[in-house]
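A.B. asks: Below, each chain spelled out in residue letters.
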Amino acid sequence: MTSPLLHLDGVAMHYGTGSTAVNALVGVDLQVHHGELVAIMGASGSGKSTLLTIAGGLVRPTSGEVILAGQWLSQLSAGQLATLRRRTLGFVFQDFNLVPALTAIENVALPLELDGWKTKKARRAARDALGTVELAEQADRYPDDLSGGQQQRVAIARAVVGGRALILADEPTGALDSHTGEVVLRMLRSRVDQGAGGILVTHDARHAAWADRIVFLRDGRVVDQAEYAGVEHTLRAHRA
Amino acid sequence: MSVRQSLLTILEQGPCYGYQLRTEFERRTGGTWPLNIGQVYSTLDRLERDRLVERTGVGDEGQHYYEITDAGRDAVRLWLTSPVSRTGATRDELAIKLALAVTLPGVDVAAIIQTQRTATLRALQDLTRMKMTSDAPTSADDLAWSLVLESLIFTVEAEVRWLDHSESVLVRARANAAVAPRPVDGDATRRGRPSKATEEHAR
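Chains A and B supply the protein sequences, listed in that same order.
Numbering of the first sequence is given in my numbering, commencing with residue 538 and proceeding in unit increments.
Numbering of the second sequence is given in my numbering, commencing with residue 3 and proceeding in unit increments.
These aren't lab readings, by the way, just hints derived from the structure by calculation.
Glycine included, each C-beta is placed from N, C-alpha and C at the ideal position.
Among the hints, erroneous ones may be present.
From the derived model, a few chain B residues whose C-beta atoms are all more than 12 Å from chain A [unchecked claim]: (1) 52; (2) 156; (3) 170.
Now the in silico label distances, taken between C-beta atoms and shown as ranges [what the hints assert, rightly or not]: (4) B/93 x A/678: 53 to 61 Å; (5) A/674 x B/61: 55 to 63 Å; (6) A/730 x B/120: 22 to 30 Å; (7) A/665 x B/30: 38 to 46 Å; (8) B/97 x A/665: 21 to 29 Å; (9) B/48 x A/731: 53 to 61 Å; (10) A/730 x B/164: 26 to 34 Å; (11) B/96 x A/632: 32 to 40 Å; (12) A/671 x B/146: 23 to 31 Å; (13) A/571 x B/48: 37 to 45 Å.
Just chain A, same shape as in the assembly (with noise of 0.2 Å):
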C-alpha cells in the first residue's frame, strides 16, 4: 500500500496538569490514505474535535507525531506549517463558514488567491471545484441565496479545489435535514472516491457508515475500529 496522505503515530494531548489534568487524547495511532473517508464517532468529549484540530495541523499534540503528506509536522517553522496546510487540506464545518460577502466562486477561489494565484486562474479553479459539486450554475450567487446543503456544497469544493488532497470535515450535516445530508455525503464520497482523503467527524451512525472505516473513540481513545470489508449482506443474494 502507498503511504497514507496522514498519519497520526502515539499522539497523546494532555490539558492541564495535577489533579485537574485532562487526558484528550491517548496514544493514537491513525492513518488515512488516498481515497478513504473515515469516519471519527464517540460521545461528547472523547476526543473527537481534538483529533481533528492535531489532524489538521492547528493544535501540536503533547506527544507522539503527525506526518501529513510526507511531512513531519513537528519538524515545521509555524509558517512552514501554514503553507502546507493551505496547500494539502480543506475543512468543512457544521455551519459552512462561508463568507457572506463573497460570492460561491470567490469563496472557492479564496484560498487560492491568498496562496498567490492569480485571480484568472484561480476562478477558472473554483468553477472547475463547483461542477464537481453540481454547483457550476450557481457560481456568482452570494451564500444567503443558497440553500444550506448547497452552501456546504461549496464548502466541499472550498475544500479540495486546487488539489488539496485532504479533507477534514467536522459535523457536516449536523445543520441539515436528513435528505440534504445525505446529498452532501454523496458529494463527500465522491471527491474521496477520485482520490482525495477525508475525516467525517460524526455523533451520527447512519452518516458514519459512509465512509471506509469507522472509528470509535472514548476518553481519548480508540475502542473500537469497524472497517468496511464487502460484508455481504444476505439482502444482496436476494436482490441478485
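Once you've looked at the hints, dock chain B against the given chain A.
C.D. replies: Then chain B, alone, in the frame of chain A:
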C-alpha cells in the same frame, strides 16, 4: 412477518395462484423476505379454512387459482388501516443476551457490546453501500425497495445508539454495588419441583 395479510392484500387485486403470489410478494418488498413456496400454500390453506379466500378454478398447467372473499376484503381493509402493534416486547436475541450478561457474574459485558457494535456498524456500512449504489426510484417496486432498505438502515442505526447508551449506563452503574451481577438464586429452585434429596431431607 405478516405473510397472511400480505398475500391477502395482493389477492385483493385479482385471483392468483401460489407461485404467482410468491413472485408478486417478493417483487413488491424488494426481495428482502424470500418466501418458501410451502409457506405460501400452507397460508392459502389457512386463508381458505377461514373463508377469506376460495378456490376459483384450475389453470392450463393445473395450478389452482385463489380469489378473495368479501370477508377477506374486510380483513385487508382492517389490516391496512390499523397500526402495527408495538405494545408487546419482541424477542430480541441481543437484548436478551445483554440482559443476562449484566446479571451474571464473570461475563465481560463491555466486550460483548464492543464486538456487537463493530458487527452492527459493518452491517450498517454494507446497507449504506447498497443505498449509495441505488439510483433514484423509477418504479413503484424501486420505491418499495428503497423504503425497505431505509427501514433496515434506521433499525441498525438504532441498535448502534442503544449499544452506546448501554455502554455509558454500564460505566455509571459499575460504581453502585447494589446492581452488581449475582449468581443464580438458590431459593428459586424451591418454587419448582423439589429434588429427591430435598424431599428425603424433609422427611
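A.B. asks: Kindly indicate which numbered hints from before are broken by the structure, ordering the numbers from low to high.
C.D. replies: Hints 2, 3, 8 and 13 not satisfied by this model.
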